[in-house]
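Enquirer: The chain contents come next:
Number of protein chains: 2
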Amino acid sequence: MKYELPYYAVIFSSLRNKEDGYQEMALEMLKLAEQQPGFLGVESVRGQDGFGITVSYWSSLEAIDRWKAHPSHVIAQELGKEKWYEEYGIRVCRVERQSFFG
Amino acid sequence: MKYELPYYAVIFSSLRNKEDGYQEMALEMLKLAEQQPGFLGVESVRGQDGFGITVSYWSSLEAIDRWKAHPSHVIAQELGKEKWYEEYGIRVCRVERQSFFG
Chain L
1 MKYELPYYAV IFSSLRNKED GYQEMALEML KLAEQQPGFL GVESVRGQDG FGITVSYWSS
61 LEAIDRWKAH PSHVIAQELG KEKWYEEYGI RVCRVERQSF FG
Chain Y
1 MKYELPYYAV IFSSLRNKED GYQEMALEML KLAEQQPGFL GVESVRGQDG FGITVSYWSS
61 LEAIDRWKAH PSHVIAQELG KEKWYEEYGI RVCRVERQSF FG
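Protein chains in written order, with the working numbering: chain L, 1 to 102; chain Y, 1 to 102.
Chain L on its own, in the form it takes in the complex (with noise of 0.2 Å):
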């Protein structure tokens, strides 16, 4: 997915246990993030080790900051420490350059 520079990109990693309910959840924030101003894309994938990357695309850090704090995401960010994560990382980065192939 290309998008117009400058945007931002938060690169998601995180380890992921066996609990249930972190599908139906993932699908959920999903879906309400495509919903928020500024959102452009998301790419993600996880292993079957429970690593995972997802990397979401937005348009200003300000975009970030709303969805950061959007009550239902609030809540999901919870759960997420209290039973679906291990660990995991989250990096807010300015896109300065891109290429693209195929």
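Misleading hints may appear alongside valid ones.
Unchecked claim - Derived BS3-like pairs: lysine-lysine, alpha-carbon spacing no greater than 30 Å straight-line:
1. K2(Y) <-> K83(L)
2. K83(Y) <-> K2(L)
3. K2(L) <-> K68(Y)
The set of hints was computed from the structure by calculation and includes no laboratory data.
Every value quoted in this text rests on a predicted model; they were computed, and no experiment measured them.
We have chain L; now place chain Y onto it with these hints.
Expert: Below, chain Y without anything else, positioned relative to chain L:
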């Protein structure tokens, strides 16, 4: 993996085919990248559908440019386009903020 700000992330999102030789080259490139000045670390995951995300972390844009221009890496890039990748995107990003759990 936690690194001190500021630093840079290269997000490599790719769709692979099933052709042989990829794993060997990927491992060789990983070993070589780890030896480069300015390399901080890497996170990588690929799903069974062939879509994968690799994020490598670097201390500077100059370190990223040097790695991009490394002769062995240049050969690997060409082989990647000829043989292994259906499509890919590369985004060079400046990490602005980060947080970690667990």
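Enquirer: Hint by hint, note whether the structure agrees.
Expert: Cross-check of the supplied hints:
no. : hint             : in the structure
1   : K2(Y) <-> K83(L) : holds, 23 Å
2   : K83(Y) <-> K2(L) : holds, 23 Å
3   : K2(L) <-> K68(Y) : holds, 21 Å
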